[in-house]
Every structure is written in C-alpha cells, then in structure tokens.
Amino acid sequence: MKNKKTSIKDFSNKEGQLVELDNSGFLPLPPPYDKQELEPKIGSLTEDARKKYECDLDGVVAVKFPRPETEEEKRILVEKFLSGLKKLFEKENNWGFMQPLFLTMEYCAKCQTCASACPIYNETGEMDIYRPTFRSDILRRLYKTYVKKGGKFFAKVSGNDIEASWTMIARLMELCYRCTICRRCAQTCPVGVDNGLVTREIRKIFSQEMGINVEPLHKKGSVQQLKAGSSTGMIPAAFLDNIEFLEEEVEERTGMNFKWPMDKAGADILLIHNAGEYLAWPENPEAFAIILEAAGISYTLSSELVGYDSVNYGVWYDDVQFARVAIKHAQAARKLGVKKIVLGECGHAHKALTVIADRVFTGEFNIPRESSLTLLDDIIKNGRLKLDPSRNDDIITTLHDPCNVVRLMGIVQPQRNVLKAVSNNFREMTPHGVENYCCGGGSGFAITQDLNFPDWRHTVSGRAKLRQILDVFQDVIGPEQKKYVCAPCSNCKGAMRDMFAAYGLFERCNILYGGLVELVVNAMPEIEKPFLEWEWH
Amino acid sequence: MGGLQLLLYFAVLFFVVAIVAKTIKIARMPIHLRWDLYPVPHEKGRGAYGGSYFEEIDWWTKPKNFSYLSEVKEMGKEILFIQSLFHHNRPLWLFSFPFHFGMYCLIAHGVLLLTGSIIILGGIEISWLSKNIIPAAVFHLTLISGKAGWLLSAFGAFGLLMSRLFNGKLRSSAVLSDYVNLLILLALFTVGVVSSFTVDISYSIQRAFIADFITVKSAPALPGILTAQLWILTILLIYFPFTHMTHFVGKYFTYHKIRWEDEPNVAGGKIEKAVSAALGYRINWSASHIKSGATWAEAATEETTEREK
Numbered sequence: 039m040k041n042k043k044t045s046i047k048d049f050s051n052k053e054g055q056l057v058e059l060d061n062s063g064f065l066p067l068p069p070p071y072d073k074q075e076l077e078p079k080i081g082s083l084t085e086d087a088r089k090k091y092e093c094d095l096d097g098v099v100a101v102k103f104p105r106p107e108t109e110e111e112k113r114i115l116v117e118k119f120l121s122g123l124k125k126l127f128e129k130e131n132n133w134g135f136m137q138p139l140f141l142t143m144e145y146c147a148k149c150q151t152c153a154s155a156c157p158i159y160n161e162t163g164e165m166d167i168y169r170p171t172f173r174s175d176i177l178r179r180l181y182k183t184y185v186k187k188g189g190k191f192f193a194k195v196s197g198n199d200i201e202a203s204w205t206m207i208a209r210l211m212e213l214c215y216r217c218t219i220c221r222r223c224a225q226t227c228p229v230g231v232d233n234g235l236v237t238r239e240i241r242k243i244f245s246q247e248m249g250i251n252v253e254p255l256h257k258k259g260s261v262q263q264l265k266a267g268s269s270t271g272m273i274p275a276a277f278l279d280n281i282e283f284l285e286e287e288v289e290e291r292t293g294m295n296f297k298w299p300m301d302k303a304g305a306d307i308l309l310i311h312n313a314g315e316y317l318a319w320p321e322n323p324e325a326f327a328i329i330l331e332a333a334g335i336s337y338t339l340s341s342e343l344v345g346y347d348s349v350n351y352g353v354w355y356d357d358v359q360f361a362r363v364a365i366k367h368a369q370a371a372r373k374l375g376v377k378k379i380v381l382g383e384c385g386h387a388h389k390a391l392t393v394i395a396d397r398v399f400t401g402e403f404n405i406p407r408e409s410s411l412t413l414l415d416d417i418i419k420n421g422r423l424k425l426d427p428s429r430n431d432d433i434i435t436t437l438h439d440p441c442n443v444v445r446l447m448g449i450v451q452p453q454r455n456v457l458k459a460v461s462n463n464f465r466e467m468t469p470h471g472v473e474n475y476c477c478g479g480g481s482g483f484a485i486t487q488d489l490n491f492p493d494w495r496h497t498v499s500g501r502a503k504l505r506q507i508l509d510v511f512q513d514v515i516g517p518e519q520k521k522y523v524c525a526p527c528s529n530c531k532g533a534m535r536d537m538f539a540a541y542g543l544f545e546r547c548n549i550l551y552g553g554l555v556e557l558v559v560n561a562m563p564e565i566e567k568p569f570l571e572w573e574w575h
Numbered sequence: 224m225g226g227l228q229l230l231l232y233f234a235v236l237f238f239v240v241a242i243v244a245k246t247i248k249i250a251r252m253p254i255h256l257r258w259d260l261y262p263v264p265h266e267k268g269r270g271a272y273g274g275s276y277f278e279e280i281d282w283w284t285k286p287k288n289f290s291y292l293s294e295v296k297e298m299g300k301e302i303l304f305i306q307s308l309f310h311h312n313r314p315l316w317l318f319s320f321p322f323h324f325g326m327y328c329l330i331a332h333g334v335l336l337l338t339g340s341i342i343i344l345g346g347i348e349i350s351w352l353s354k355n356i357i358p359a360a361v362f363h364l365t366l367i368s369g370k371a372g373w374l375l376s377a378f379g380a381f382g383l384l385m386s387r388l389f390n391g392k393l394r395s396s397a398v399l400s401d402y403v404n405l406l407i408l409l410a411l412f413t414v415g416v417v418s419s420f421t422v423d424i425s426y427s428i429q430r431a432f433i434a435d436f437i438t439v440k441s442a443p444a445l446p447g448i449l450t451a452q453l454w455i456l457t458i459l460l461i462y463f464p465f466t467h468m469t470h471f472v473g474k475y476f477t478y479h480k481i482r483w484e485d486e487p488n489v490a491g492g493k494i495e496k497a498v499s500a501a502l503g504y505r506i507n508w509s510a511s512h513i514k515s516g517a518t519w520a521e522a523a524t525e526e527t528t529e530r531e532k
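Just so you know, the sequences run in chain order A and B.
Yeah, the first sequence ends on 575 if you go by my numbering, and it's all consecutive.
Yeah, the second sequence ends on 532 if you go by my numbering, and it's all consecutive.
Because the hints were derived from the structure by calculation, they are not lab data.
Ideal Cβ placement from N, Cα and C applies to all residues, glycine included.
Hints are supplied without guarantee of correctness; some may be wrong.
Said to hold, decoys possible - List of simulated lysine-lysine pairs, DSBU-like, C-alpha gap at most 35 Å:
#	chain 1	residue 1	chain 2	residue 2
1	A	257	B	392
2	A	265	B	514
3	A	378	B	392
4	A	102	B	392
What the hints assert, rightly or not - Far from chain B, some chain A residues (derived; all Cβ distances over 12 Å):
#	residue
5	51
6	63
7	73
8	89
9	102
10	118
11	144
12	245
13	247
14	296
15	301
16	303
17	452
18	453
19	473
20	535
Looking at chain A on its own, in the form it has when it is part of the complex (with noise of 0.2 Å):
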C-alpha cells in the first residue's frame, strides 16, 4: 500500500491522489477468503471520473463532487466551508451539538486509544488517514485557527495553524465518508472526545452551509421521503399497493388470509417500517404483520407521507432535514391517536426517533416511541406466540449487533431472547453487544452505491464484520451447513447483501443474512411451510 503514513501538511497542500488503495495491504481475512485471489478489489475510476469528480482523497468517490474549475471557485469554496465551520459553534445554528462539539474540539489529549477501536483504521494495516484522530485533527486545527478568538496567533504559536485550502478542504469532504460513525473510538475514549460526531458535524457544513451531500441521503434521500412520502420514491398510493400485494403473499406462503390494518384510529400502536424493507426483503413486513395478527397486538401502518418510512437520513448528514423527517413521523403517529410509536428492524431510525428526537418533541409531539425488538420480547415473554425452536433446528445462527441499536441506545439483550427462545444453535460473535464492529454500511453507506464506493464498503468499512461472521462459523465454514447472520436492520442488510454477493458468500459457505422476525415465523409450529426460504435473492 502506497502512503500508509501521511501527514496534515500532505494532506493539506500535496497535489494528486493522496493514497493509493491496494487490499494485499489490508489484514488479512479467515479461511477461505485467506486466498487473496478470492477478495474482490476496489475498482479504479474512470479518467472521466477522475477528471471529473474530486477524488484526491484514495481515488473513491462517495460525494461525487465536480472539480472547480477556477482558483476563484475554489476560494468562495473555502470561504463557504470556513463560515459553516464558525456555525457550527454558534448557539443559534448549532444548539443540538455545540456542547458536544466544543468539548470533543477543546480536550483531545490526543493519546490515539480510540484508533485501537477504529475497524477501518485497523482492517487497512493503519493508514494515517483513517485514523479517527486524523480527521478530528484537521477540524480542530481549522477550528483553533479561524474559530478561536486570537486564533491565527494562538494556533501558530502553538503548532496548531493550518492554511485552508481547497486541496484539503475537497479531501475532508470525502474523509468525512470514510467512517461509519459508529463511535465504537469514542466509547474508548478516556476523556469522552467523539471523533464518531466530529464526522458528522464536518458533514453538516458541507449539506447545510454548502449544499453537497452525498445524493442517495439527500436529493434521492431525506428530499425525496419528504417530497414523495418514502426514500424509496414509493407514494402512499404505491404503498398501499404494495400492502395488498404482501397480504396475498402471506396467503401463498402462511395460508393466513388477514388484512393488515392501516390508518387505523385508535389503534394502540403506529408500526412503522424502513420503507425498504417493502421493496428488498417484504418477508421482514410480512413476518411483523404475522407476529402481531397472532399475537393479537393493537397496532396499525400508516399510509401518510413518511408515516410508512421510518428511515431518517439526516441523522448521518443534517440536523434540519434530520428535524424535518422526525417531525413527519410524530405528525403521522398523532393523526392516528396511538399510544405510540414501534419502529421495526431499522436501525438507525430507532436511534433517530427514539433517542436523538427525544429533544425535538415538544407538547402533542412527544408520543412514546418504543423498539419493535422490545416489544417482540415482551410478546415471547408472555406466551403469546407458540414457538417450537427446533423448526430453526438445521441452521446455526449468529447475530450481528446494529450500531445503532445496542452501542447508541442500550438494546442489548431483547433480541437475545427472543433469539434463543426461536433457535437452538445460537452462537455469539465476538466481539458482541455494545462493543461489535458495524456492518460496514453504517452511516448511510450502505445505500451509497455510486462509482467505486461500494467496493470500498465491501473490503475496507464492512471487513471487519466480514472477518467476525467467517470467525463465528470457522468450524462449519464448508457449504454443507446452513448459517444465518440474523441483522434486525434494513441498512445492516443491505450492506451484508452487497459485501456477501461481493465475496460469494452464499455459494461458498452457504451464508445467508436476514432479519430477526422471519426466524421466528419459522419457528411458529402453526405454520406449516418453513418460512425462511433458504435462497439468495
């Protein structure tokens, strides 16, 4: 690997791409993706699009920003970038994480524990400019230098100066979408720095102050869910055609003829799925509406714009869209009367309308918004649903832990029971709970899918989880047993589907991915096909 070791200086004035990507520097992965033929590679830009789009980075491309084609362009750049990064510190424009920010700005001691947690710092053999302190670094320099009261002269005097340029300032827009924020470096952190949110805010400069954004969370993102109803583009009307579809796919598979309720007044719960899952895995939907039908839960879909998608994008890149979707989904919730709302297998919309708006919701807004594995538990615990493990009995089963879910709000154990209560061969990962490695997709990467983003996400961001997946398996590796990575998240999903289909995992060693409640559809004797079909699609 060319560059391993790079400095801020290099970083900040060195023309060209600054490092170049090679996996035979990468640590290297369990059998039988030991043999490095098998690893895919990350593909290399077109001269188009190296022309075209700034990738003097690593030569990948998440943001697919234009190159300026002036000095003058580049200056009013850097003049843009530079007065997002002072908003960023004002109460007015940045009260939901000033506090956080200043602190993580101000106490580094800089003592680099946090980079023994980073798995892309690791997985790449070290490289200097994914290390979580790198980026943290050059925002805290510009921070020292142009935010700080007599900063220019402080920060020279004490080595903390920097020039901005656009050279460095392009390279941080792409940094910044290089880390999953999944703040596994800050729980190590012995002063509490979050180098996690200072990925976060650096993106926030770039969407709110500049207008770029990566397009899958913005323009096809967090505008289209507003615009259309679903990030997907799917339109209540679509929506509503698609639930019919899945109640006759219910009848097929389960023989259970019921209409899922919608719009529901009253009801005592608004469910309310990642869109996506209606579109790439709607067994994950249709085994929620079996559960809850067979529980006898009171519980209702929502067919209002956004009610029905509870993904939130802007958790990863934009307070103000972040505000916007969140309010979206307590207008739907209130509309319909619910005691409050469930969020199903997402990962990052638990986190987004549980915990991080809890401090958006004021008055009639603030309606209880509880986990859907949570209430899975409680629905097992109860005896509501007849179960007979053994039905899971020739898979072996582990589970991925979504960031978003366990690290970031403390739902560890739930699904856990609900786990062993559907499977006898459950095994852990290891790392586990509060201290797994994310899936790789976190952060909104695994629904980037442009240009050569995606092979980094499969052999840099998701490498880690790849390596604990073929680690929890060794002994059964062989394509003779089948093995399920059980990942209650539709972005989890969605980067494990790209990174196995990448490697040939499922032909290989005959591993599938999917979420929590289509084990336990499987395991209910009262069905009598299994419901998990055991083919990749």
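Given chain A's structure and the hints, the job is docking chain B onto it.
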C-alpha cells in the same frame, strides 16, 4: 514581599477564576440533542452489559432504575485508575496511571501542607516528634503523599514524553504545545522530587511558606531549588487553563452530560422547556434547502416541496 510571592497570588487567583469561568461557559451552553453512548453505568441491573431502559416494554410508564452507586463506582475506576486506558491502551496506561495518580497524591499533599500550615499558625508544632495524633498524622501523610506524588508523577511525565517522542502514532498527531505541556510538568515534578529528597525532606520549609502565604506575610527567601519549583508552579498555574490539560473539567461534561445523559424529555419538564427555547433560535445556514432566518421550529415544520423543485 517578594515579586515571586506576589505573582503566585495572581497565578492562584487566575487559575481559579479561569477554571470556574471555563466550567460556567460549558455548563451554560444550550441543551444538546441526546447522544448517548452505552454502557451507561447508572442503568441499574443493565449497566454491566450496556443495556438501557429502552429494553423495557412501555418504559415511560415504569419507575426509573437509577443506580448512583454504579455510576460513582464507574467514575472512581475511571478517575483513579484510568480504566479506559488500562483496557484499550495498556502501554500508555503504564505511564498515564502513575502520572495521574501521582498528581492526585500531590493534590492531597497540597491540602495536607495547607492543613499543616494552619496547625502551625495555631501554635502547634508539626514535625517527626509530634505526639498529638492529628499533627502527627498530618505530618506523616504529607510526607508519604509528597514523596509518592512527586516520584510517580515525574516517572509518568517522563514516560509520556518519551512515548510522545518515540511512538510514531503519538508523534504523528503531536503539535508543539503537546510537548511544551509535558515539559513544563516534567520540569515541575523533577524539581519536586529533588527538593523532596534534598532541601525539604520533611516539607517544613514549604509548610512555613504556605503559612506566610495564606496570612499575606512576606516569606523568607527560599532555597534555590524551591524557588525554581515555585516559579514553575506559578507559570503552570497561569498557562494551564489555556491548554487541554483542563480536561478534568471537560471529562465531567463528556461523561455525565453527554455519554451517560439518558434523561428522557417529559411533558412539562425542564428538558421540554429548554428544547422549546432552542427551537426558537433563528438559523442562518446558507444551503438552498434551508430557509435562512427561520427558527428551528419553523424550518422543521415547513413544507419543503416547493423549495426543492
């Protein structure tokens, strides 16, 4: 009264005012959005594995299982033993632990010296020969905390400086002030070790100096090494508040007010009041999807379809 003594009054006052001002500045920042990070130790029965009240059905209807004891235990382990470094960065812990523990000993040593000075001012002698239990205890504890404190912190500071110089990962992110901070501390601790084992073995000179200092009397000239110690201490007290070495202030907020702050927003509560106030702030972000000049409440509830066309 000597110039150094006068400067020390200023330095002590400056230090206290600067630290208090810094603390107030952080505490007065507006409420932030929740940004929990688990494990949260005060989650009774769940803290050990990182669980939270979100694991409970209808958690908002249940009494809160809050364990102050678990939180205090966790704080104790972190503050006294720097457990995060012990678990995640053992090579650095080998120096950071003695460095910090040595400083805690020195803080205790300072309090004991002050106590001893007050006892002296009360006309009671403090020495090896003290028979009365309190002066004797103060004397011996001063001795132990001083020797241990100076030695441990000097060893730690030396080790941290060497790590900063020779560990590539640490060196790559270091700036001039990181070295200056450690050098000033190492100088103080080294001089402290020398004075502790040479001119002021029983700390009687320092005790007498403090007695004069707190009664605003001109202190007699100190031996050279103690004068050097005082100079470095004075400089440090003035320099310290400008550096990240005040992270003991920051650490309170990062742990208690961010990572572990899981207080839910309830109707009519103080959080809701603070959030309502914050939602009234006016935004002036410049991107086209945000209407500059709107309040957060207006921006969050406006229909954005037209703007995005």
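Hint check results:
| no. | hint | in the structure |
| --- | --- | --- |
| 1 | A:257 / B:392 | 39 Å, violated |
| 2 | A:265 / B:514 | 17 Å, holds |
| 3 | A:378 / B:392 | 48 Å, violated |
| 4 | A:102 / B:392 | 31 Å, holds |
| 5 | 51 | 16 Å, holds |
| 6 | 63 | 17 Å, holds |
| 7 | 73 | 31 Å, holds |
| 8 | 89 | 26 Å, holds |
| 9 | 102 | 17 Å, holds |
| 10 | 118 | 7 Å, violated |
| 11 | 144 | 6 Å, violated |
| 12 | 245 | 6 Å, violated |
| 13 | 247 | 5 Å, violated |
| 14 | 296 | 24 Å, holds |
| 15 | 301 | 21 Å, holds |
| 16 | 303 | 21 Å, holds |
| 17 | 452 | 5 Å, violated |
| 18 | 453 | 10 Å, violated |
| 19 | 473 | 8 Å, violated |
| 20 | 535 | 27 Å, holds |
Hints 1, 3, 10, 11, 12, 13, 17, 18, 19 from the list above are not met by this structure, while the remaining hints are.
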